[in-house]
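Asks: Below are the chains, spelled out letter by letter.
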Amino acid sequence: MLQPAVILATAFGYLCLLFAIAYWGDKRADRGRSVVNNPYIYALSIAVYCTAWTFYGSVGRAASSGIDFLTIYLGPTLVFVLGWFLLRKILRISKANRITTIADFISARYGKNQLLGGLVTVIAVVGIVPYISLQLKGVSTSFNVLIHYPAIAMPSAVSTVPLFQDTALYVALVLAAFSILFGTRHIDASEHHEGMVAAIAFESVVKLVAFLTVGAFVVYGLHDGFGALFARAMETPKLAPLLTASPASAFGNWMTLMVLSMAAIVCLPRQWQVTVVENTDAKHLDKAVWLFPLYLLLINVFVLPIALAGLMEFPGGQADSDTFVLAVPMAARAEGVALFAFIGGLSAATGMVIVETVALSTMMSNDLVMPVLLRLKWLRLAERTDLSRLLLGIRRGSIVGVLLLSYLYFRLIGESYALVTIGLVSFAAAAQFAPAIIGGIFWRGGNRFGALSGLAAGFLMWGYTLLLPSFVKSGWLAESILTQGPGGLSLLRPQSLFGLAGLDPLSHALFWTMLANIGIYVGVSLLTRQSAMERIQATAFVDVFRRAESQQQFWRGTATVSDLESLLGRFIGATRTRQALVEYAERRGLNPGKMREADAELVNYAERLLAGAIGTASARVMIASVAKGDIVGLDEVMKILDEASQIIEYSRQLEQKSRELEVATGELRAANERLKELDRMKDDFISTVSHELRTPLTSIRSFSEILFDNPGLGLEQRREFLAVIVKESERLTRLINQILDLAKMEAGRMDWQIAEIKLKDVVADALAAASGIFAERGIHPEVKVPDDLPLVEYDRDRLVQVIVNLLSNAAKFCDRERGWVSVEAASEDDAVRISVADNGPGVPLADQPRIFERFQQAGNTLTDKPQGTGLGLAICRQIVERFGGRIWVENRPSRGAVFSFLIPIRRAAQAAQ
Amino acid sequence: MRAGLRGERLVALFILAAVAFHPPILNLFAVDSAVFGLPLLYLYVFAAWAVVIALIALITGTTEETAAERGVDAKPAPEREV
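Going line by line, the protein sequences match chains A and B. Under this note's numbering, the final residue of the first sequence carries the number 984; numbering is consecutive throughout. Under this note's numbering, the final residue of the second sequence carries the number 317; numbering is consecutive throughout.
These aren't lab readings, by the way, just hints derived from the structure by calculation. The C-beta atom is built at its ideal place from N, Cα and C for all residues, glycine as well. Hints are not guaranteed to be accurate.
Unchecked claim - Across the chosen pairs, the derived CB separations fall in these ranges:
#, chain 1, residue 1, chain 2, residue 2, range
1, A, Gly296, B, Leu251, 28 to 34 Å
2, B, Phe271, A, Met326, 26 to 32 Å
3, A, Arg745, B, Leu251, 44 to 50 Å
4, B, Leu251, A, Glu738, 40 to 46 Å
5, A, Gly292, B, Leu251, 36 to 42 Å
6, B, Leu251, A, Glu924, 38 to 44 Å
7, B, Leu251, A, Ala572, 32 to 38 Å
8, A, Glu748, B, Leu251, 47 to 53 Å
9, B, Leu251, A, Gly298, 25 to 31 Å
10, B, Leu251, A, Arg740, 53 to 59 Å
11, A, Thr736, B, Leu251, 27 to 33 Å
12, A, Gln74, B, Leu251, 51 to 57 Å
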């Protein structure tokens, strides 16, 4: 069944079907009944990512290094997780600016710069041509394998096949015809090529079904399911490592491949074409972000099983692992499956080639050829009345040119490399666009010089570290360049540049290209200034979701409508121009016949129309040639941008203000609470103090009255009453003294007599001063003060006062019956601690923080009889803190309280000792 | 699901997926054993992948975009620092 004629007829029939589908899709679109306007077709068209490289090459890679072929598909999955941020933003920008290609996008972002667009185009063409030739090679190889059926013969070098018998050439020509027919239908490249997309979606279905068919046949037809296949493989010593992926080998460049594929899914020209340009509705992205990864998962499920089956089928390497998808069914004599596999591979290859050449041809015509032609004055292009045919001609010529170039590359160099390697070299080239794109949509500061120099540096690095070695391997250049470096300079060896060794060539290249690209892009952007146009574009891109069509504001020039009309007419045709102007007038409610002077908005509209046809950079130049005036100056741009950002600034300031207000309110509330507390304390104090004052006063008065009224009292009794009067007067004096002391200390008017003192003496003095109160209650204080305490610098009298206060407190509060008080001193690191303990009721935890405040006493001051003035501890704290110490209270574990304070030792005093 | 968290959820999912497919984690599964006759590493990668896809579908399918996230005619979001 598999005679060459049958194979050729099937392939030809398949391609005819493709033409028919594309034709049908375009016809439907013309009648306004789009077939591609749904998320499923959109997701399938994005699956153009899976090329012949996926179809044949994944199995080849799995056969040699196990599971790491999956990185190429996991990377895009990760990007699509973030698709809602990244892709949606790119989509919005591109639609607003009628961006048609990746070159157009980058040049538009950096001030509509023609040079930048040209550079991107050159990088894309140089980088992608090998990738296209890889597809041709895939078709050619698969055809040559299939044609030898039933023998499993690997094609010898294809270059020995005469030119006119080479399938790849005919495939290239057919695809050129397809791309020209369905990829250049409109002069406006930003319009959708619905027929082409329909065909691509169909191809995605075919390659998926074909691969799943082969997979199911291998797993369930040749083996008894996954389990049996894997069990057999695990018994084979040579295959087992592919399943467990010995870490050192399998994950070596895992991250490199992930990063490359993440960049590729955004930066490859064909992905840009289907994801951005051919998108009919941004809402489709919502479903595509999971449909596309799902497609990738499905097409990869059988890769490893097929690779294992192939390795078991051909243990001696009779078949190249890149052809297992065909060779395994062929060896099993399953002609139908093999033929279907061939068609699947053909669909994978053709889909990629079609979209890639259309994308590249748009770039070449809009960003390379047209700008050059328009600059060449002697061509007098500007005076030609109809340039649309020329433009289409350039695009069609570019398509043929790209395909012939790819074919040439394939004939000359393609045989020396495995499929995967060529693909990865292209991925690395496309990845060079990533910094300029990602930076361009998220960083307003990136500018033209930065993008130009970064891209150029990355591209040069790529050429040196990846392209040059591939020429060496093809035998074009001497092997010595790789082993010894150019001219014997070993530091410049392309695969271990500057002595960077230990990385595989791809990781090595990715490191150097990205270092050069990102480093120079960021560095130069930071060191150079943006022009007004760059500033406008940067804001329009970065803030695309916040500013709707804000560009008009920047255009201050005018043009006559007839000038604009003739300019547009030359590029997009008179009929379409007329149509577009009428549409515009209707939308604005104007009479199209009466428009004379074009306002800024119309000029802008015309520029965007033109941008769809010839790219943003050229459109800018052409519009500038007919419109008087220019964009506003940088200062004004900044002002306009500022107006918008001022509003934002205001709202931010408002938010800030209200936050500050909240904080201030909180502080006020706290202060108010504190004031209330103080007020309450004052009330309490007054009631305490007046009580304290009144008690001695009352007794003084009543005893005085008794003495006054009864002159006949006995001497003994009189003496007793007078003693009470004296004692109560002393108490009054003490209270008033304390109040005065505290007031003085708090006001900082206290005189401090600082001297070196010995603590043991101080404690002894204090005990002596308090001996009266102890004797009164029958307490014998315990004293534990060591002799070797360091000297401290202190006000001796005040220190005595502190200890006396604490001692008398302890005496007052200790147990009535069996009172016990102890005073202890101990030296700590750089302080001396003095504690006074008693066996009274202790201080409730809730009162501990407040007890050192003025007029605060433990317990309820209203019901209990106050035991003191409420000022003693406050005075103690004032004194202790004056000398940098600390005072606190704890409860003893058994019963009672311990008041302690620290006296810091001055260094000088220590030294003196 | 509550609206307005779509962005945060997707970023979290991205980090989760990046970690799940990171070599150190994969190494944990790169052992010589099989579950249901399938090699553990193969099973893990595809299962994790499927879970990630299901989560994308769940997040984008069930959360509503807020006006700020949609970005059209919305009140300006706080200026992003660059």
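Asks: So, for every hint listed, does it hold in this structure?
Replies: Hint by hint, here is what the structure shows:
no., hint, verdict
1, A/Gly296 with B/Leu251: 28 to 34 Å, "31 Å, holds"
2, B/Phe271 with A/Met326: 26 to 32 Å, "30 Å, holds"
3, A/Arg745 with B/Leu251: 44 to 50 Å, "49 Å, holds"
4, B/Leu251 with A/Glu738: 40 to 46 Å, "42 Å, holds"
5, A/Gly292 with B/Leu251: 36 to 42 Å, "38 Å, holds"
6, B/Leu251 with A/Glu924: 38 to 44 Å, "55 Å, violated"
7, B/Leu251 with A/Ala572: 32 to 38 Å, "35 Å, holds"
8, A/Glu748 with B/Leu251: 47 to 53 Å, "51 Å, holds"
9, B/Leu251 with A/Gly298: 25 to 31 Å, "30 Å, holds"
10, B/Leu251 with A/Arg740: 53 to 59 Å, "43 Å, violated"
11, A/Thr736 with B/Leu251: 27 to 33 Å, "41 Å, violated"
12, A/Gln74 with B/Leu251: 51 to 57 Å, "53 Å, holds"
When the structure is compared with the earlier hints, violations turn up for hints 6, 10, 11 and for no others.
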